[in-house]
Each structure stands twice: as structure tokens, then as C-alpha cells.
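Asks: Going down the list, the protein sequences come from chains R and F.
The first sequence begins at 1 in the working numbering and counts up by one.
The second sequence begins at 1 in the working numbering and counts up by one.
Hints are computed from structural coordinates only; laboratory data are not their basis.
It should be emphasised that the depicted structure is a prediction, and the values quoted were computed from it without experimental measurement.
Just so you know, not all the hints are guaranteed correct.
What the hints assert, rightly or not - Derived list of chain F stretches under chain R, where covered just means 3 residues or more per stretch with a C-beta under 8 Å from a C-beta of chain R:
id, region
1, 49-63
2, 80-89
3, 100-108
4, 121-132
5, 156-162
Stated by the list, open to error - DEER-style ranges, computed between Cβ atoms:
id, chain 1, residue 1, chain 2, residue 2, range
6, R, V166, F, R4, 17 to 23 Å
7, R, K80, F, K67, 47 to 53 Å
8, F, D72, R, R294, 28 to 34 Å
9, R, H222, F, S18, 22 to 28 Å
10, R, R202, F, D213, 27 to 33 Å
11, R, D303, F, A33, 44 to 50 Å
12, R, L302, F, A82, 57 to 63 Å
13, F, D213, R, H222, 56 to 62 Å
14, F, K67, R, A228, 47 to 53 Å
15, F, E56, R, N299, 22 to 28 Å
16, F, S74, R, V298, 27 to 33 Å
17, R, L302, F, K57, 22 to 28 Å
18, R, R92, F, A33, 53 to 59 Å
Stated by the list, open to error - With a straight-line cut-off of 25 Å between C-alpha atoms, the simulated DSS-like cross-links for lysine-lysine are:
id, chain 1, residue 1, chain 2, residue 2
19, R, K255, F, K53
20, R, K80, F, K57
21, F, K67, R, K83
22, R, K80, F, K53
23, F, K57, F, K67
24, R, K83, F, K57
25, F, K179, F, K67
26, F, K67, F, K53
Glycine included, each C-beta is placed from N, C-alpha and C at the ideal position.
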Amino acid sequence: MWLWLWLRLRLILPQVRHAVSGRSGPTGRSASGIGAMTSDERRPAVGIGYRAALDDWTRANIERFDVIEITVDHCIYGGKAAKSAIFDLVGRIPLTAHGVGLSIGTDVPLDLAYLDAVAGIVDRLEAPAYSEHLAFTRVPGCDLANLLPLPKTVTVAQSIIAKVRVVQSRIGVPFLLENITYLFEWPDSDLSDAEFLNLICRETGAGLLLDVENLHLNSCNHGFDPYAFLDALPAGLVKEVHVAGGVTVREDFLKGPFLADSHSHPVPDGALDLLDYALARHAPATVVLERDDRLDAVNEILDDVERIRARISSQQSENVHGQPTVGSAG
Amino acid sequence: MANRLLDRQVELLEYLTSGAAIFGDGGDAAHEAAWHGIDRSSLRLEARFSHEKRMEKIAVVFRRTLKILGDDASAVVRAFAAACPPVDISRIENERQFHDFLCDRLRCERLDLPFVRDVAACELAFAKARVGVEEGEPQARSDEDRDGIRRRRGLVLLRCVYDIRPIFEGGSGEAAPIKRDTPLAIGIPPGADEPRVLELLPAVFDLVAALDDWTDPAALGATPELQALIRDLAQHGVLEVRG
């Protein structure tokens, strides 16, 4: 074999023709200043979810944010360059860890290898918490990669409680569950959204990552009072907050317009009003803007961050004038 | 409907990944009744969102392939969705599914554009190189202590039937590629952020393909020409050299 190769090589050496493309990739990254958590412990850190497509822009504007949320699955499944860009942020700005791939609601045992990979990433990011969705995305042999709701029953809650305890035993930081937006309800659900979440969080000590946009959309699409949902949460349960902006979907087969959580547009006032209300009873450590589409509209992202900051300042001002925040970020 | 939650979840995902749910196949009557007590229009929206999200990611990688397919692309995507439910969250696995489906379909159908398979394979190779997927590379026997040369980890070797480089260089895709054995190495060279493509001479391609594990170059003969070739391949990120 080698002799044959060598004989052929002697005939064709030394040319190796170089060809084809090579699109220019991300340019060198500047070492911007380190973002810092606000000195006021009661004021949540405000930031954005990291998106590789906005890596350069994020670094150039890093001083505008107090925190960056990292999707741990990007560290597991992403390319080498994407991973190294993420880990390069460690020490430059506080990072928090969020996941989309746990599928805690699938009625099978948790994927412990995945969890251990997450634990390593959370450590490496020096993240103070790890959050996941109260949802399922896959079954054996099929992964929709989209968050689906669970039947809201005591039996399902008990199954989730057991799994949350497994997560807590393997991840070294507090675990938070996020409320999802859902398009349909299981017919056997007999608990409200808040009852389902409260039951799981109370039994496990898990905190809540409150997605106010999801709450806003669900309340509009399914016709319930979002403020009643917030009132039903124990004070201090909300440890982190997500905000985002979606779109209205109209299809012939739908009975009416549907609000979709597309993370593509400015945050609606309705969601920010819910943020205001939540801040009066909870002291989340972070408020993170999620944006996944129309990423070229970066001014909208900066505007939203400022709108969030303004709402927080306004809420704090109200608290100073006699309406104290209840609970703590803990 | 099954009582066990997992069975219900399996049934739901089967429905959400079906052509009936995604595209409304089966006519209006099939969509009037609720699906196991769940409003079917909401499920159709869920199915469509999930499908679009998946295809958006696939389309980014197979941009040139889909452009070449032109009007046929939507039929291919539709058939792909019906035949290949997503099995994994990772992008590369979905991209591999699409590539394999497309190749099977092209094998079975009249080939007006026989070079599409090569274009799709090259686009998948780019995606693999970005992620650093290492395929067909046996475990190194004793990685730590051995000197020599070996194929760079994450490098993708691809032997194309057509010279598709003009499609990637020019991006126009208008001129049909020439049929010519074209051995390619696709990878991210040291210091680069994005994959590059090198065309290798057939014998060099065979040599690189054979270098799964650390190999003493002396076993190949220590001529200045060979040393120059090894240096050149190492510089371009095709080989790793140690010792």
C-alpha cells in the first residue's frame, strides 16, 4: 500500500492545487470593557441572550449590558469557533446559563450524559444559575426541537418533581424552570399554569425564570388574566426574567389571529407592563432580552434594553416611595 | 389515545411531523375533528412552526443546492419533511438527514442536474468542518506518545464526480460543472475561522485518506519531495505533524 502510494507520489509531487472558496468568517474580537452587575442588589442585571450571528456587535456594545445569557446547547452542539467565542466571554461580563435541550417533560428518564455536559459548561461559564423550560421537545427517535406543553396534572407534576431533583443533584448551581408559550392545551389538564408551576417549585425549591412575553402571549391566545397568574406566584419565586417580542399570525385554518413567540420584534408594552407588575413582588437577578430573528435591526435591541432599564428604574422609584419589593433574589 | 404519557407524546410528535399536520395534506375533512381532544388548527400551527424552524437552518447550509434545484426545491423539502422526521436537536444531524434524503431521491429520479449531489455533499462537508465532525476516523491507538504525521482531525475528504468549484467560487451556478474526478479536502486551517477547500491530486488524496493514525513519514521514504509535500499539507491544515 505504502509502496504504491510512494511510487505514485514520486510521479506527481510536489503540486497540490489549492482551490475554491473560503468565505470570510468572523473578524478578530475586540476586548471591550467588562460589564458589571449593578451595585444595587435589588436592581436586576439587564442583558441579552448571546447569538453567534451578533458576536462582533455584542462585543462592541458589551458595556451596554450587565449580563449575557448563554444557551448551553450552543456550547454542546455548536462549532469550534462558536464555542470558543462563547467561552471567550467568561470574565468579560457575567454570564448566566440557559438550556433548550433537556426536555424535562419527556416521560423517560433524564439524559444524564447531557446533564453532565451541561454541568461542565455551567461551571466553565461561572454561571450563577441554570434554567430550562417546563416542557418537552422530543421522544425517543424524534426531536422536534420545539417546546411543547405538558398535561398540567398532579401526576405529571410529580414526575417532573423527581426529575428536577435529579437535575439539582448534578448541577452545582440553582435550577430554574421557565414558563413556555404554548399553542394548545392537553384535554386532561386540570391545574392552572400557576398551580402547576407552584407545585413543582414548592416541592423542589426550584426558582422560576418568568418569561413575561410567554405569559403575555398565552393570556391573549388562551384568554386568561396574566395578572392573576402573577398574583398566584409566591413572592420571591421569580429569579430571572425573559422578555421578547413576537408577531401576530393569521392563517386560514386558524379561528382568529394568534400571537407567536418569534423573538423577532420589539417587546410589546403589554409584556413590559407584566414586567413592572412582577418587579413589585419579586427581585429577579437578571432580565434578559431574547432576540432570534431580524437580527440586523440591532437598534431595536438597544432600544428594548433601554426600555427595560427604564421600567426597572421606574419600578424602583415607586418602591422607594412606599411600595416595597417583596421577596429576594436569593 | 394511549394513557401512558410517553405513548401520548410519541403519538403527538408523529402527528406534528406528518405531512397532514405540516402541509394540511388529506383535505379539509381530515382537519375538522379534534385530535385526541386537542384543537387541530393549533397543532397544525405548531407543526408548521417546527418545520419552518428546522428548514430555515437546513436552508442556510444548503443554499447553493436549493438554488440549483430551483422550482423543484419546494417539492424536495415537502417530500423530505414527510419522509424524514427530525431525530436529533443538533443542526448537523438534520443537515445530514437532508443530504442523505436528497441523494437517495436523486438516485431514484432522472438526473437533469447530476452534479447536485456533489454540491450538496460539499455544502454538508462545510457544515461538518465548522462543527468539527470527525467521521470514519478510528480511535488513535496511542495518541499521546507518538510522533509522525496524520490527517488533521475534523478534515472532511470528499471525492466529487464533477468539478463543482466554480459554483462555490462564483456563486452564480449558471454554468454546468465539468465531469472530472475532483478529490477535495475541506477543513478549517490553523488560524482561520471558516472552512477552506483544497483540491488534492488523486494520489495525495489517497495518502491523506490513509493517514488515520500517527505514521512515521520515514516509512513513506524520506525524500525532499515528500518532506516538501508534508510541509505544504501541514501548512494548509490537511496534515498534523508531530515530533
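Asks: Each hint: holds or not?
Replies: Evaluated hints:
Coverage of a stretch by a chain is defined here by at least three residues with a beta carbon nearer than 8 Å to that chain's beta carbons; for the region 49-63 of chain F and chain R the count is 4, and the condition holds. Under the rule that three or more residues need a Cβ within less than 8 Å of chain R, the assignment of the region 80-89 of chain F holds, with 5 such residues. For the region 100-108 of chain F, the proposed coverage by chain R is not satisfied: 0 residues have a C-beta within less than 8 Å of a C-beta in that chain, short of the threshold of three. A count of 3 residues in the region 121-132 of chain F with a Cβ less than 8 Å from any Cβ of chain R is obtained; the coverage claim is therefore met, three being the minimum.
With 0 residues bearing a CB less than 8 Å from a CB of chain R, the region 156-162 of chain F misses the requirement of three and the coverage assertion fails. A beta carbon spacing of about 20 Å between V166 of chain R and R4 of chain F agrees with the range 17 to 23 Å that was offered as a hint. Checked against the given bound of 47 to 53 Å, the beta carbons of K80 of chain R and K67 of chain F, roughly 27 Å apart, lie outside it. Checked against the hint of 28 to 34 Å, the C-beta distance between D72 of chain F and R294 of chain R comes to roughly 29 Å, which is consistent with it.
Take H222 of chain R and S18 of chain F: their Cβ atoms lie about 25 Å apart, and the range 22 to 28 Å holds. Between R202 of chain R and D213 of chain F the beta carbon distance is about 56 Å. The supplied range of 27 to 33 Å is therefore violated. A C-beta distance of roughly 45 Å is found between D303 of chain R and A33 of chain F, which places it inside the suggested range of 44 to 50 Å. Checked against the given bound of 57 to 63 Å, the beta carbons of L302 of chain R and A82 of chain F, roughly 42 Å apart, lie outside it.
At roughly 59 Å, the beta-carbon separation of D213 of chain F and H222 of chain R lies within the given 56 to 62 Å, and the hint holds. Between K67 of chain F and A228 of chain R the CB atoms are about 51 Å apart, so this pair conforms to the stated range of 47 to 53 Å. Between E56 of chain F and N299 of chain R the C-beta distance comes to about 23 Å, which sits within the given range of 22 to 28 Å. Remark: the range hint 27 to 33 Å for S74 of chain F to V298 of chain R is upheld by a beta-carbon distance near 32 Å.
Distance hint check: the CB atoms of L302 of chain R and K57 of chain F are about 26 Å apart, consistent with the given range 22 to 28 Å. In this structure, R92 of chain R and A33 of chain F meet the distance hint of 53 to 59 Å, their C-beta atoms being roughly 55 Å apart. Between the alpha carbons of K255 of chain R and K53 of chain F the distance comes to roughly 23 Å, so the proposed pair stays at or under 25 Å and holds. For the proposed pair K80 of chain R and K57 of chain F, the alpha carbon gap of about 18 Å is at most 25 Å, so the pair holds.
Simply put, K67 of chain F and K83 of chain R have alpha-carbon atoms about 30 Å apart, too far for the 25 Å limit, and the pair is violated. Using a Cα cut-off of 25 Å, the hinted pair K80 of chain R and K53 of chain F holds, with the two alpha carbons roughly 23 Å apart. A threshold of 25 Å between alpha carbons decides the hint, and for K57 of chain F with K67 of chain F the separation of about 15 Å falls inside it, so the pair holds. A C-alpha spacing of about 18 Å is found between K83 of chain R and K57 of chain F, which places the hinted pair at or below 25 Å, so the restraint holds.
The hinted pair formed by K179 of chain F and K67 of chain F meets the criterion: a straight-line CA distance of about 20 Å does not exceed 25 Å. At most 25 Å may separate the alpha-carbon atoms for a hinted pair to count; K67 of chain F and K53 of chain F meet this at roughly 19 Å.
Checked against the numbered hints listed earlier, the structure breaks hints 3, 5, 7, 10, 12 and 21; every other hint is satisfied.
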